[in-house]
Amino acid sequence: EAGVVQSPRYKIIEKKQPVAFWCNPISGHNTLYWYRQNLGQGPELLIRYENEEAVDDSQLPKDRFSAERLKGVDSTLKIQPAELGDSAVYLCASSLEGYAGNTIYFGEGSWLTVV
Amino acid sequence: KQEVTQIPAALSVPEGENLVLNCSFTDSAIYNLQWFRQDPGKGLTSLLLIQSSQREQTSGRLNASLDKSSGRSTLYIAASQPGDSATYLCAVRKGETSGSRLTFGEGTQLTVNP
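Residue numbers (my numbering), protein chains in the order written: chain R, 6 to 120; chain V, 276 to 389.
Please keep in mind that the hints were generated in silico from the structure rather than gathered at the bench.
The beta carbon of each residue, even a glycine, is placed where N, CA and C say it ideally should be.
There's no promise every hint is true.
To be verified - Pair ranges (Cβ atoms, derived):
#1 V:Glu278 to R:Ala59: 19 to 27 Å
#2 R:Pro13 to V:Asp314: 30 to 38 Å
#3 V:Asp302 to R:Ala59: 23 to 31 Å
#4 R:Glu19 to V:Glu292: 41 to 49 Å
#5 R:Glu49 to V:Asn293: 26 to 34 Å
#6 V:Gly358 to R:Lys20: 36 to 44 Å
#7 R:Glu57 to V:Ser344: 34 to 42 Å
#8 V:Pro283 to R:Lys20: 29 to 37 Å
#9 V:Ala354 to R:Pro23: 46 to 54 Å
#10 R:Ala7 to V:Glu381: 23 to 31 Å
Whole structure, please, built from the sequences with the hints as guidance.
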């Protein structure tokens with residue numbers, strides 16, 4: 006079974022440019038997460054979806070970040086315009102909530118460098 | 276606000292040693308705790324998940340324990356191998372319901388020398 010798939014893996018952009026990341030979760034997983042991880046730190050939640058609904062977006066910088074999860078499957082995270090401080094790894098994860106395991110599975114990440 | 280601390284930040288051991296990684300959290304009202312491994316340039320791989328009602332979980336050479344009341348978890352790695360070199364992160368899920376936020380520690384960077 007395929008894991009969480011993210012693209013692109015690496016992206017270098019100039020500041021003020023837009024960038025978008027795509028995530029395909031594990032089939033059947035109803036919950037999808039976007040995390041941001043800065044170098045040497047643990048990931049921090051940006052947004053969590055349950056099916057199509059964003060149920061926790063309190064840490065998403067809404068002035069420049071946006072996300073959507075169409076049809077409760079794939080998701081896109083967008084940054085516009087990007088700033089130097091946005092350089093980080095953007096991790097997508099998914100889980101099947103309501104199941105006793107509740108294990109969260111992560112993708113390989115999208116590595117963003119803003120220059 | 277839940278805070279998760281991992282000690283030590285970095286650890287270097289010779290191959291074959293048994294080792295313990297520590298994780299502490301400030302709010303004991305957790306749903307579960309999960310240990311992850313992260314290789315350089317990669318995403319996170321789930322190692323073990325302990326529900327709040329459990330005391331420990333084992334997978335191969337890995338054993339994770341949970342003392343919810345004292346806000347501590349340990350990850351024990353037996354007979355360490357160079358392939359175990361990675362960053363190990365613990366994360367706690369808040370509250371009594373599934374689907375709530377996962378809070379991560381900053382990780383322990385482990386190097387196992389051949």
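Comparing the hints with the structure gives:
1. Taking the beta carbon of each, glutamate 278 of chain V and alanine 59 of chain R are about 25 Å apart, inside 19 to 27 Å as hinted.
2. Proline 13 of chain R and aspartate 314 of chain V have their C-beta atoms about 19 Å apart, which leaves the hinted 30 to 38 Å range violated.
3. Distance hint for aspartate 302 of chain V and alanine 59 of chain R: a CB-CB separation of about 24 Å, consistent with the stated range 23 to 31 Å.
4. Between glutamate 19 of chain R and glutamate 292 of chain V the Cβ separation comes to about 47 Å, which falls inside the hinted range of 41 to 49 Å.
5. Our hint of 26 to 34 Å for glutamate 49 of chain R and asparagine 293 of chain V holds, since their Cβ atoms are close to 32 Å apart.
6. A hinted range of 36 to 44 Å holds for the C-beta pair glycine 358 of chain V and lysine 20 of chain R, which are about 39 Å apart.
7. Checking the proposed 34 to 42 Å range against glutamate 57 of chain R and serine 344 of chain V shows it holds: the Cβ atoms sit about 38 Å from each other.
8. Take proline 283 of chain V and lysine 20 of chain R: their Cβ atoms lie about 36 Å apart, and the range 29 to 37 Å holds.
9. Range check, alanine 354 of chain V to proline 23 of chain R: about 49 Å between beta-carbon atoms, so the 46 to 54 Å window is met.
10. A hinted range of 23 to 31 Å for the beta carbons of alanine 7 of chain R and glutamate 381 of chain V is consistent with their spacing of about 30 Å.
Of the numbered hints listed earlier, the single one contradicted by the structure is hint 2.
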